[in-house]
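**Student:** The primary structure of each chain is shown beneath.
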Amino acid sequence: MQAVFHNRWLPFVLLLPTLVVLVLFLYYPIISTFELSFFRAAPNGIDLTFVGLANYQRLLDPQIQQTEAGTFVVRNAYVLVVGRSLLFSGAIVIGGLSASLGVAMLANQNLRGGRIYRTLLIWPYAISPAIIGVIFLFMFNPVVGVINYAWNGIFGTRPLWLGDPILTPLLIVIASIWKNLGYNVIFYLSGLQNINTDLLEAASIDGANAWVRFRRIIFPSLSPITFFLLITNLTYSFFDVFGTIDILSGPGPANSTSVLIYNLYRDLQINHNTGMAATQSVMLFVLVAGITVLQFRTTERRVTYNA
Amino acid sequence: MRSMTMRSSRRRPKYFSHITLIILCFIVGFPMVFSIIKSTQNLGQIMAYPPNLMFGDRLIENYSAAWNSNNFVRLMGNTILVAVCVTLGKTITSMLAATAFVYFRFPLRSFLFIFVILTLMMPTDILVVALYRLMGDLGWTNQFQALVAPFLASATGTLLFRQHFMNIPSELADAAQIDGAGPLQYLRNVLIPLSWNVIGALGMIQFIGVWNQYLWPLLIINDNQRQLVQVALKGITINALDQGNWGVALAAAVIASIPPLIVFLVLQESFLRGFALTRDK
Amino acid sequence: MRKVHRSTFLLAVALIAVFSFASLTAAQDAVEIDFWHAMSGGNGEAVTALVADFNASQSAIVVNEQNKGNYDETLNAVIQASGQGEGPNMAQIFDLGTPLAIDSGFFVPVESVLSEEQLEALEADIVAPLVNYFTINDTLWSLPWNNSTPILYYNKDMYEAAGLDPEVPPATWQELEEHCAVIMETGAAPYCLSSQIYGWYFEQWLALQGQELANNGNGRADRATETNLTSPAAVAIMEFWQRINDAGYWTYTGRLHDNQGANQIFIAKQAAIILESTGALRTFTTGAAESGFELGTGFFPTNADVERQGPIIGGASLWVSAGNTDEENAAVAEFLVWLEAPEQMARWHQATGYMPDTLSSQELLESEGYFEENPNQRTAVDQLNAAAVNSATAGAIMGPFPQIRVIVEQSIQAVVSGGDITTVLEDAKLQADAAIADYNSRLQ
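Protein chains in written order, with our numbering: chain A, 912 to 1218; chain B, 4 to 284; chain C, 166 to 609.
Check each hint, because a few of them may be wrong.
According to the in silico footprint, chain B covers these stretches of chain C (three or more CB under 8 Å from chain B) [stated by the list, open to error]:
1) 206-212
2) 231-237
3) 452-463
4) 595-609
Worth flagging that the hints you see were computed from the coordinates, not collected in a lab. Glycine residues also receive a C-beta, built at the ideal position from the N, C-alpha and C atoms.
Go ahead and model the full structure; you've got the sequences and the hints to work with.
**Tutor:** And the structure:
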C-alpha cells in the first residue's frame, strides 16, 4: 500500500488538465461517434436517419442456415472476424512481449557498444508505418524480393508470403511484432534500470543462477512495466495493426487478415457507411475495454509492486 | 551511475552476448539498413535481381531531391514544434494525474482512473470525423492548436507513471511526510529525480507518435505552409511508385527518421540514470 | 536534465512564434478559389506550377491549391469539410468516387457553370471516350483532367531472345498465350507475364468484350441494381486467368492490386510482359534504361473471339462545389477552361504522364514532334482514340464500386488458387449485389 498524502482538493487540481482534455477531445467525440450507431447514414456519410438498433441487429444476426446434411451453421461473418481478431491479438501481445523482454535484457548489459546496439534496435520504430509497409512489400516480393532470394538459396522454395491464407496472417503478426518492438524495448529498458542492483548482487553471492535471479527478482520487479505493456500492446494489437494490414495484405487471401479494425476502417473511409462503422466502433470498444477491465481485475493482483 | 548487470555472465564470455546482439540488430534493423542502401541507388539498381545490396551512386541526387521537395525542411520544423509541445504537455499532465491516483485517496478515484484508461480503447483515427466537427465549432480548423490541444493528455502516460510510482518504495513518501514535505515538494524532490528514465522512455515514444501522425494533420490543415512532415512524406512515396523516384522516397523516409533518432540519443542519457537511490547510498 | 527540458521548452515557444503565426498572403479584390486535389510528390509540384502560372497570368482570380492526400483521403476531406460548409470551391475526385460525389449533394454538374460556347468547345475537344465516361444521364458532371488507360509493356530483348518479332506485341489473349509458350520454352524469361490482380483489368476486359458490368446501361440510364459478374464475358476472363496461371506463364506477388510488386518483377527482368496503366510509362522507361533492356508497348490485349471495343478510361476529374457564389462559379469556369487549353494540357501530360485529354493538346504535341521522340506515348493515345463509344466502354456507375472492385479481385485470387469459376463468380455476384442494395437503401 502506498503512503497517502491528505488533501481534499489537490488531487482534483492535479487531475484537472488530464480530465479537461480527455472530456473535450476524446469523450465528446467518442459519444458523438457512438450516437451514430443508431443511425443509417446516406452515401455521403453525413445525412442521417434514425434506425434504432437495426445496425446492431445486422451486425450480430447469426444468419443460421441449414446445410444439406441437415445440421445448422452460423453464417455470420462478423463472428469469424471477432475470432480472428482475438487470435491476432493474442499472438501479437504474447509474441511481442516475450521477444522484447529478451531483446531488452540482452541490450541492457554493460557491454562495449551497448548504446549502439540500443540505438540500432530502436531506430526502426522511428520510421513511419506507411514507409515500413512499402519496404516490407518490397522485401517480401516472392519473385524478386530479397527475402525469397535468400530463402530460395537456403531452402530451395519461394513462398508466396502475401498470397497464402496461412503465411500471410503469420507475416502480419511478425511484422506487427517487429514494428512495435522498439516501443516495448524502450519501456523494458527503463524498467530494467529501476531494478535494485543490491538485490541481484546479494542473490549472486547466495549462489542463485541466472534463471533463478530472473524468476525471483528481475521478472517480479518488471511486472509493473509488463502490466503497462500488456495494456498498451493489447490496444496496439486491436487498433494500430490497421496500417500494417492495409498496406501489406488488405483483406488477405480468403479474408485471412480481415480483422475488426480493418473492416471498420473500410466501412468508415472507403464505403462512407458511418452508421455501420460507428456500430463496429462500439462493439470493438466494448470488447477491448472488457478485456482491459478483466486484466485489471485478474492480472494486476499478481503484479508485484515495490519489489 | 550503475545499471543492472548479469553478474554470472562473467563466467560466460561476453562475445556470446555480442554475437547474439549483432544478429538481433541485423534482423531488427535490416529493413532500415536496406532502405538506407536503396536510397543511394538508381531505379535499375533498386529493382535489380539478384538483389543489389551495394551502395549506389545516387546518394547526393536522391537526398538533395528529397530535401528540396515539397517544403520538406519547413514541414520538419513544424513537426518538431508540434511534437515538442505535445510531448512536454503530455508528460506533465500525465505525471500530475498519476501522482493524484497513487498518492491520494479521494472520492471516485477508481472510477476516474477507469475513465482515463478507457480512452485508450478509441484511437483518434476513428474519432477524426467527430473531432473535425468539434474543431470547426471551435474555429480551430487549420490552426496550430488543433494539432496540439487534443493530444495534451495521455492515458498511456498516466498508466505508465502510475505503474512506476507504485513501484517506488513507500518508505520514501513516509519519510517525506515525517520531514514535513508536502506532495508537491515530494513530486519535485523525490518522484521526478527517480523517474528520469521513465520520462525519457515516454518522451521518446510520444515524440515518435506525434512525428508519425498522418490522418489528422492531413484532414485539419489546409495550408501547405503549416502541414506536418509525414503528410508530405507519404505524398512523395505514393508518387514515387508511379514515377519511379524510389530512391528519393527512401531518402525522404531516412531523413524523416533522423529527428526521432536524435531525440532518442539525447534521452538515452536519462535511460541510464537507473535507480537513483542505490546510487546515492 | 531539467535544464535541458527548460531550454527545449523555451525553444519551442520561440518556434511557435516563428512558424505558426506566419500570415497568409491574400490578394485584395480578387476572387479566391480553393482547389483541393489528390496529386502529391512530383505530380503535386506540377499542379503547384500550373496554378502559379494561372495566378500570374491574370489578376482577377487567385487559386489556392491544396493536396489532401490520396484519392480516398481527398474525397473524404472534401465531404467532411463540405458537410460543415467549409469545403473547397472545386475538387479533384477519382473515377470510382463519381456516384458518391453525385449522391452527396455537394456538387453541381460542371456543365451548369460553363457557358454554352465553353461547353460546346470542350465537348468537341475532349476525346470522346472521356466525355462518355463523365456524362451520366446525359449530364456532364465533371471535367476529365488526369486520366489513363492500361496498356501492355514488353521487353524487346526477351522477345528477340525467344525468336519472336520484337516489333509485334500480342494484341489478343490468344496471341499472348502463344508468345508465352515460346518465351517459356526458349527460357527467354523466368516468367512470361507479370500482372497484378487488379479489378480495373477485369473491368477493362468486360468493356473490351462489349459487356456492361452493371445493369440499367451500366448504371448510367438508371441506378444500377445488379452486376453482370456471371456473364459469359466474365467467365471468359476468369478462364483466361486460370489458363495463364495453370500454364505457369503468369506470376504475381500474392497481394491484391500490388502494382509496385508487379513492376518490380518486370523491371528486374524476371518477366517479358507486364500489364500496367499508361501512367507507369515513365517508371518503365527509366527502369528499362537503367536495368538495360529495350521497352516496347502495345494495346491492352483482349479476347480474340469478340470484336475489340474498350478500353475504359481511369483517373480523375474536376468537380465544382454546389456552395459557390455565381462569381466563384465564373472564376472556376475560367480556370477549368484554362487548364484544358492545349498548352496547359500538353504540359500537364509531359509533367505527369497522364493522357493528353484533348484533341488540341494531342495536335500540339504532334506538331512539336513529341510522339516521334516518344513512340510509346503514342500507343496510349491511339488506344484511347480508337475506343468505341457505348455504355459498356463508358464504364459502370455503381455506388459501392470500390467495394465491388475488391470483391472481384478476391474472386480472381480464388480462381487462380484453384476455385471453381462458376461457384466463385456466383458468390461474387451475391456479395456485389448485396453491396449495391445496401448502398441504394441508404439513399434518402
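**Student:** Now tell me, hint by hint, if it's right for this structure.
**Tutor:** Against the structure, the hints come out as follows:
1. Using a Cβ-Cβ cut-off of 8 Å, 5 residues of the stretch 206-212 of chain C lie near chain B, which meets the minimum of three, so the contact claim holds.
2. Remark: the stretch 231-237 of chain C is confirmed as covered by chain B, as 5 of its residues place a Cβ nearer than 8 Å to a Cβ of that chain, reaching the required three.
3. Figure legend: the stretch 452-463 of chain C, annotated as covered by chain B; annotation consistent (5 residues with Cβ-Cβ distances under 8 Å, at least 3 required).
4. Under a criterion of three residues with beta carbons nearer than 8 Å to beta carbons of chain B, the stated coverage of the stretch 595-609 of chain C fails, only 0 such residues being counted.
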